[in-house]
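**Q** Sequence:
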Amino acid sequence: MKVTVVGAGNVGATCANYLADREVCNEVVVVDIKENYAEGKSLDMWETAPIFGSDTRITGVTNDYAKTAGSEVVVITSGIPRKPGMSRDDLISTNAKIVKEVTENAIKHSPDAIIIIVANPLDVMSYAAFKAAGVNRNKVFGMAGILDTARYRAFLAEELNISPKDIQALLMGGHGDTMVPLPRYTTVGGIPVTQLIDADKLDAIITRTKKGGGEIVQLLGTSAWYAPGAAAAQMVEAIVKDQKRVFPVCSLLKGEYGVENTYLGVPVILGKGGIEKIIEIDLNETEQKDFDNSAAAVQDVMKVLDDMNLF
Numbered sequence: 027m028k029v030t031v032v033g034a035g036n037v038g039a040t041c042a043n044y045l046a047d048r049e050v051c052n053e054v055v056v057v058d059i060k061e062n063y064a065e066g067k068s069l070d071m072w073e074t075a076p077i078f079g080s081d082t083r084i085t086g087v088t089n090d091y092a093k094t095a096g097s098e099v100v101v102i103t104s105g106i107p108r109k110p111g112m113s114r115d116d117l118i119s120t121n122a123k124i125v126k127e128v129t130e131n132a133i134k135h136s137p138d139a140i141i142i143i144v145a146n147p148l149d150v151m152s153y154a155a156f157k158a159a160g161v162n163r164n165k166v167f168g169m170a171g172i173l174d175t176a177r178y179r180a181f182l183a184e185e186l187n188i189s190p191k192d193i194q195a196l197l198m199g200g201h202g203d204t205m206v207p208l209p210r211y212t213t214v215g216g217i218p219v220t221q222l223i224d225a226d227k228l229d230a231i232i233t234r235t236k237k238g239g240g241e242i243v244q245l246l247g248t249s250a251w252y253a254p255g256a257a258a259a260q261m262v263e264a265i266v267k268d269q270k271r272v273f274p275v276c277s278l279l280k281g282e283y284g285v286e287n288t289y290l291g292v293p294v295i296l297g298k299g300g301i302e303k304i305i306e307i308d309l310n311e312t313e314q315k316d317f318d319n320s321a322a323a324v325q326d327v328m329k330v331l332d333d334m335n336l337f
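Counting from 27, one number per residue, gives the positions in the sequence shown under my numbering.
The set of hints was computed from the structure by calculation and includes no laboratory data. Note that the structure is a prediction, hence the values are computed from the model and not measured. Here a beta-carbon is modelled for each residue, glycine too, at the ideal position from N, C-alpha and C. Heads up, a few of these hints could be off.
[What the hints assert, rightly or not] Per label pair, the in silico range of CB-to-CB distance:
| # | residue 1 | residue 2 | range |
| --- | --- | --- | --- |
| 1 | 319 | 92 | 40 to 48 Å |
| 2 | 267 | 224 | 38 to 46 Å |
| 3 | 318 | 192 | 28 to 36 Å |
| 4 | 315 | 92 | 45 to 53 Å |
| 5 | 76 | 123 | 34 to 42 Å |
| 6 | 318 | 234 | 22 to 30 Å |
[Stated by the list, open to error] Calculated cross-link-like contacts (lysine-lysine; reagent style DSBU-like; alpha-carbon spacing at most 30 Å):
| # | residue 1 | residue 2 |
| --- | --- | --- |
| 7 | 134 | 237 |
| 8 | 236 | 329 |
| 9 | 157 | 237 |
Using the sequences plus the hints, can you model the full thing?
**A** What follows is the structure in structure tokens.
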């Protein structure tokens, strides 16, 4: 059983290392465009196998997608961060071209693969991969909800001084400022979080969650990688092991929640077939309005991509 991770940067390497350490699959192939970069990182990770007691073989290759043939899952972390002076449209154009090329190469050698997108802007890059892959929507989706939910749960655990293991939470919508955290669906050991924390503190945590990526950038001068890499790997594990996990995932909606042809974060059942079911929960008027606003923001960005006529 083989999993491919495209992009040997911090996020991709973290994802690959997680998959190997947990022995999620037999083989992980790491692909990068930079000469010898994936080979070097993969060799370094492989040399930890005797220490951690892992049997998973990690192989790195430079732009050689033939070595990825037969992959069950392909995780795409490729892309560049937004640089000073770069417009949103420039970023979308650059990363969409990268995602398009990577997706086409991956599908060529692994036509049955499930594709997980981690590249940003996440929602529109998931859409780009879907257009490039030409497969069913249940096989192309993005990682954002698990990361955002993990941040939300971590901040709640910190405030309540409890284990994050006991917190269950849900966020929906786009990845970024328009995400829709749902306190009504957040529990601590089955207890509604609203009974354990004041409204003003909860609002502050929600705001911090929305800006979670920016907080890391401000501290490090670069984007996060441990949590995003682990979140992507958790999705891979759910698919490879057919765990039927319920996760918030960036999925193409076709009428669900009243939204058409838009990639947005929603709760799904994740298993061997990829997204096996989109779960439609009841949203109150305020929640639905926030979700609709998030959808409109994502649709604006998707239109930018459509207008570029890359597909």
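**Q** Given the range 34 to 42 Å, decide if the beta-carbon distance of residue 76 to residue 123 lies inside it.
**A** With a Cβ separation near 40 Å, residue 76 and residue 123 satisfy 34 to 42 Å, so the hint holds.
**Q** CB of residue 318 to CB of residue 192, is that within 28 to 36 Å?
**A** 32 Å, holds
**Q** Can the restraint linking residue 134 and residue 237 be considered satisfied, given a maximum Cα separation of 30 Å?
**A** Violated, at roughly 37 Å.
**Q** Taking only the CA atoms, is the gap from residue 157 to residue 237 under or equal to 30 Å?
**A** 29 Å, holds
**Q** Starting from residue 236, check that the Cα of residue 329 is at most 30 Å away, please.
**A** 23 Å, holds
**Q** Has the hinted range 45 to 53 Å been met by the Cβ atoms of residue 315 and residue 92?
**A** 49 Å, holds
**Q** Note whether the CB distance of residue 267 and residue 224 lies within 38 to 46 Å or breaks it.
**A** Holds - the Cβ-Cβ distance for residue 267 and residue 224, about 39 Å, lies within 38 to 46 Å.
**Q** May I ask you to test the hint 22 to 30 Å on the CB atoms belonging to residue 318 and residue 234?
**A** With Cβ atoms ~24 Å apart, the hint holds.
**Q** I want to verify a distance hint. Is the separation of the beta carbons of residue 319 and residue 92 within 40 to 48 Å?
**A** 45 Å, holds
Hint 7 from the earlier list is the only one contradicted by this structure; the remaining hints agree with it.
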